[in-house]
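**Student:** One-letter residues, chain by chain:
There are 2 protein chains.
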Amino acid sequence: MDQLLESLTEILGPENVLTGEAVLERSADWFSSMPCEAAAIVRPATTEQLSQIMTLCHKARQPVVTHGGVTGVVHGAVASANELVISLERMTAIEEVDAVGGTMTVQAGIPLQSVQEAAAEIDMQFPLDLGARGSCTIGGNIATNAGGVQVIRYGMMRQQVLGLEAVLADGRVVSSMNRMLKNNAGYDLKQLFIGSEGTLGIVTRAVLRLQPRLPSEQCAMVAVPTFDALTTLLDLTSRRLDLSAFEALWNSHYRLMTEESGAHRAPLPVDSPFYAIIETQGVDREHDAERFQALLEQAFEEGLISDAVLASSEAQRQELWAIRENIEVLIRALGPMFSFDVSLPIPAMASYVADLERQLAQAFPEAGRLVTFGHLGDGNLHIMVTVGDAGRESRYAVEKLVYQPLAEIGGSISAEHGIGMEKRDYLYLSRNEDEIEVMKMLKKALDPKGLLNPGKVLP
Amino acid sequence: MDQLLESLTEILGPENVLTGEAVLERSADWFSSMPCEAAAIVRPATTEQLSQIMTLCHKARQPVVTHGGVTGVVHGAVASANELVISLERMTAIEEVDAVGGTMTVQAGIPLQSVQEAAAEIDMQFPLDLGARGSCTIGGNIATNAGGVQVIRYGMMRQQVLGLEAVLADGRVVSSMNRMLKNNAGYDLKQLFIGSEGTLGIVTRAVLRLQPRLPSEQCAMVAVPTFDALTTLLDLTSRRLDLSAFEALWNSHYRLMTEESGAHRAPLPVDSPFYAIIETQGVDREHDAERFQALLEQAFEEGLISDAVLASSEAQRQELWAIRENIEVLIRALGPMFSFDVSLPIPAMASYVADLERQLAQAFPEAGRLVTFGHLGDGNLHIMVTVGDAGRESRYAVEKLVYQPLAEIGGSISAEHGIGMEKRDYLYLSRNEDEIEVMKMLKKALDPKGLLNPGKVLP
Numbered sequence: 489m490d491q492l493l494e495s496l497t498e499i500l501g502p503e504n505v506l507t508g509e510a511v512l513e514r515s516a517d518w519f520s521s522m523p524c525e526a527a528a529i530v531r532p533a534t535t536e537q538l539s540q541i542m543t544l545c546h547k548a549r550q551p552v553v554t555h556g557g558v559t560g561v562v563h564g565a566v567a568s569a570n571e572l573v574i575s576l577e578r579m580t581a582i583e584e585v586d587a588v589g590g591t592m593t594v595q596a597g598i599p600l601q602s603v604q605e606a607a608a609e610i611d612m613q614f615p616l617d618l619g620a621r622g623s624c625t626i627g628g629n630i631a632t633n634a635g636g637v638q639v640i641r642y643g644m645m646r647q648q649v650l651g652l653e654a655v656l657a658d659g660r661v662v663s664s665m666n667r668m669l670k671n672n673a674g675y676d677l678k679q680l681f682i683g684s685e686g687t688l689g690i691v692t693r694a695v696l697r698l699q700p701r702l703p704s705e706q707c708a709m710v711a712v713p714t715f716d717a718l719t720t721l722l723d724l725t726s727r728r729l730d731l732s733a734f735e736a737l738w739n740s741h742y743r744l745m746t747e748e749s750g751a752h753r754a755p756l757p758v759d760s761p762f763y764a765i766i767e768t769q770g771v772d773r774e775h776d777a778e779r780f781q782a783l784l785e786q787a788f789e790e791g792l793i794s795d796a797v798l799a800s801s802e803a804q805r806q807e808l809w810a811i812r813e814n815i816e817v818l819i820r821a822l823g824p825m826f827s828f829d830v831s832l833p834i835p836a837m838a839s840y841v842a843d844l845e846r847q848l849a850q851a852f853p854e855a856g857r858l859v860t861f862g863h864l865g866d867g868n869l870h871i872m873v874t875v876g877d878a879g880r881e882s883r884y885a886v887e888k889l890v891y892q893p894l895a896e897i898g899g900s901i902s903a904e905h906g907i908g909m910e911k912r913d914y915l916y917l918s919r920n921e922d923e924i925e926v927m928k929m930l931k932k933a934l935d936p937k938g939l940l941n942p943g944k945v946l947p
Numbered sequence: 489m490d491q492l493l494e495s496l497t498e499i500l501g502p503e504n505v506l507t508g509e510a511v512l513e514r515s516a517d518w519f520s521s522m523p524c525e526a527a528a529i530v531r532p533a534t535t536e537q538l539s540q541i542m543t544l545c546h547k548a549r550q551p552v553v554t555h556g557g558v559t560g561v562v563h564g565a566v567a568s569a570n571e572l573v574i575s576l577e578r579m580t581a582i583e584e585v586d587a588v589g590g591t592m593t594v595q596a597g598i599p600l601q602s603v604q605e606a607a608a609e610i611d612m613q614f615p616l617d618l619g620a621r622g623s624c625t626i627g628g629n630i631a632t633n634a635g636g637v638q639v640i641r642y643g644m645m646r647q648q649v650l651g652l653e654a655v656l657a658d659g660r661v662v663s664s665m666n667r668m669l670k671n672n673a674g675y676d677l678k679q680l681f682i683g684s685e686g687t688l689g690i691v692t693r694a695v696l697r698l699q700p701r702l703p704s705e706q707c708a709m710v711a712v713p714t715f716d717a718l719t720t721l722l723d724l725t726s727r728r729l730d731l732s733a734f735e736a737l738w739n740s741h742y743r744l745m746t747e748e749s750g751a752h753r754a755p756l757p758v759d760s761p762f763y764a765i766i767e768t769q770g771v772d773r774e775h776d777a778e779r780f781q782a783l784l785e786q787a788f789e790e791g792l793i794s795d796a797v798l799a800s801s802e803a804q805r806q807e808l809w810a811i812r813e814n815i816e817v818l819i820r821a822l823g824p825m826f827s828f829d830v831s832l833p834i835p836a837m838a839s840y841v842a843d844l845e846r847q848l849a850q851a852f853p854e855a856g857r858l859v860t861f862g863h864l865g866d867g868n869l870h871i872m873v874t875v876g877d878a879g880r881e882s883r884y885a886v887e888k889l890v891y892q893p894l895a896e897i898g899g900s901i902s903a904e905h906g907i908g909m910e911k912r913d914y915l916y917l918s919r920n921e922d923e924i925e926v927m928k929m930l931k932k933a934l935d936p937k938g939l940l941n942p943g944k945v946l947p
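Line by line, the protein sequences give chains P and L. Per my numbering, the first sequence starts with residue 489, numbered consecutively. Per my numbering, the second sequence starts with residue 489, numbered consecutively.
Here chain P stands alone, though its shape is the one from the complex (with noise of 0.2 Å):
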């Protein structure tokens, strides 16, 4: 290993070869306060010096870790004692704006929320959203395949990006760097990469797509009666408004983030089991608010909604909206808390949760309780479980509650945050040995020596 850093320092100057206390005040996960365990983080500035390290890593059988913004929560990013860790802090530079074509040209290490206000600069977006905008990379996002709160309208990750490019273990840079928005010229090698979580290649630089930013937006927090009710809002919204999120709160979170935390005002009373956050993007500056109101006004009428709100400026659309993403108050009000993060057909939800909800009860009658929420559009339920102790074996009682349903109803153990160390082992929950298998003879093909985010993923 000291032979290698030693080579290392002097591609990346010793300024980007941080070992010893530079290392430990850094974290690999965000979910923990545990020091950065990783022999040394390395901090190259282009592809060609990512390309040099790999060469090296190669050679010597050195396992990496690549950060981007550590904001993932599935122990994803986690890095040993043996292992280097590759951040790409220093790669943040936007190559390049077509306002024309709408796409945008970036290093991985970028955060998402400068790519979001270098698209609004020029009139466009660049739609993918989530609460870790601030700190969250381009890397990151592509490495995760993340989702969000525009999922519903614009996709994930994987439908923002035109091209890439990438380094292979043994350093080999792949620049697959399409800027067409059809490109059909032989197999889709980005696809690899994407939501790969670091296992496959290391992402260096991205085309991004961006999309028109549309010149009228609604918002409104609603209470809804019945999770019924709150399906059949789901599709009337869809099919009369132009929707680009319909976020689900259950009474559980919603009252935790308002009334019980006093971390936020209650724009609604908390005394209704379900809520929603509604927002659209139209194009008719003219009509659209007087549309969106008259639904408003019609699913009340239909008892569909019980009260609503609407944000009538950005910093009300703001205040709903931190209602759903403060992440903060939950940790602070539930800690030591289990996240989870679960995909399932809607029609499954309610009973879902209110098994796990009395299950939970029973395993854990003292401390065990839950708070959902989540993208019901996309069929993505974030749930937040404490039972007063984080101990394995708590965790372990919790995740075969929460896991083992999903295998029957045809959901999946992970909808957006990936797999990581977390949920390695549950991953035959939600995929079979084929697939498995195919998933494993990918790896060897591309990582024969196993040396990109080890232990990550596969089983």
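No wet-lab data here; the hints were simulated from the structure. One or more hints might be untrue.
A pair counts as met if it fits within one copy or between any two copies, since identical chains are not told apart.
[Unchecked claim] Derived pair list, reagent style SDA-like, types lysine to any residue, alpha-carbon separation capped at 20 Å: (1) Lys-928 to Ser-663; (2) Lys-937 to Glu-925; (3) Lys-888 to Ala-851; (4) Lys-937 to Glu-802.
Please arrange chain L on chain P, whose structure you already have, making use of the hints.
**Tutor:** Only chain L this time, still in chain P's reference frame:
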């Protein structure tokens, strides 16, 4: 081969192992009248039968070519005398339609149009749409990552597929029939089989994503005085309408389809340099028509269009689209003809086509002629060229003129038709050496004996 055919006959029955005349009376190539040369055509009815077929072929090192609707235009389904054709014509079942989840589960041999119609029956839509809808199959759409006229709104086939099942070269079945909109549980294996033209596996079943059918549709054909006006109109309609299609017709195409061939009545005078078909799908039954017309009026006032005709009935709408989609008229008028499908940055299009026209006239002063149309918003042009003969030398000369400039301007030699055998030797113009090497690595990992659609895609 004889022994293999005997074993296959035992599995499938004699009526499903075609040889001799029964093979020769079929075609393996839409663009040619040559008979199919394959040693035999086998017709499995189930995934299990197909798996048995491939197990036997793998043992016998027997190469195979899979046939869907055989409407591809890049010689991707051509089979030679030592190859076996696997036709999916008996695998046309709709296994399940889930109106709540918005999914349809089908066998791969089902025609696209049958899927569209089954979706419409539950007030949903399957948004992939292209001229060959009546005969092309879902399996072929997946294998070629088909595009079509609504890509601008709904994306290509890749985005319509939630899950799929494929039989590998050795007969193993990888069933990855995910129904969730979001599933980040491990590598997204389906991406391997989408767009790889049957060279990595044979798609047998798929879970398709449906979309709500929107209540309001508008359609118009407009005459556009300049290419700049055409791109400005695209930008304007993208931002102000709920665009679902924006098809551009060069004068060369429009005039041929109407006045010259007499095949279609000209809804607009034939002297405009460009035409466009503009279609929207919206949620506002009340205002969409009015807004559509107002925008066309504005475009007229700003000089972006010189004339327009609105479809006031479904019949009129189909008349407009027939001008764009009637490929038989082109073949009759231009045959022998070379057909191209390229993508390039929109700002480069006008001069690319003009240069090509000029060079063609220089190289083939007597019979050289081209006709251009395409999916403008996708950066995708279809160019039909005739030079009077279809000989190898002429083809090569025309290909050079069409493909060579694309490498420089960052375009692609195949936007949506794929590579097949036709463009294999030009792949290097759109993909670099490293990309082609990784493609070969994948091919080797999944089909080490090279049995699946040999000679297609990879040089």
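**Student:** Each hint: holds or not?
**Tutor:** The hints, checked one at a time:
{"no.": "1", "hint": "Lys-928 to Ser-663", "result": "between (24 Å within a copy, 16 Å between copies)"}
{"no.": "2", "hint": "Lys-937 to Glu-925", "result": "both (17 Å within a copy, 19 Å between copies)"}
{"no.": "3", "hint": "Lys-888 to Ala-851", "result": "within (12 Å within a copy, 71 Å between copies)"}
{"no.": "4", "hint": "Lys-937 to Glu-802", "result": "neither (51 Å within a copy, 60 Å between copies)"}
The structure fails hint 4 only (numbered hints given earlier).
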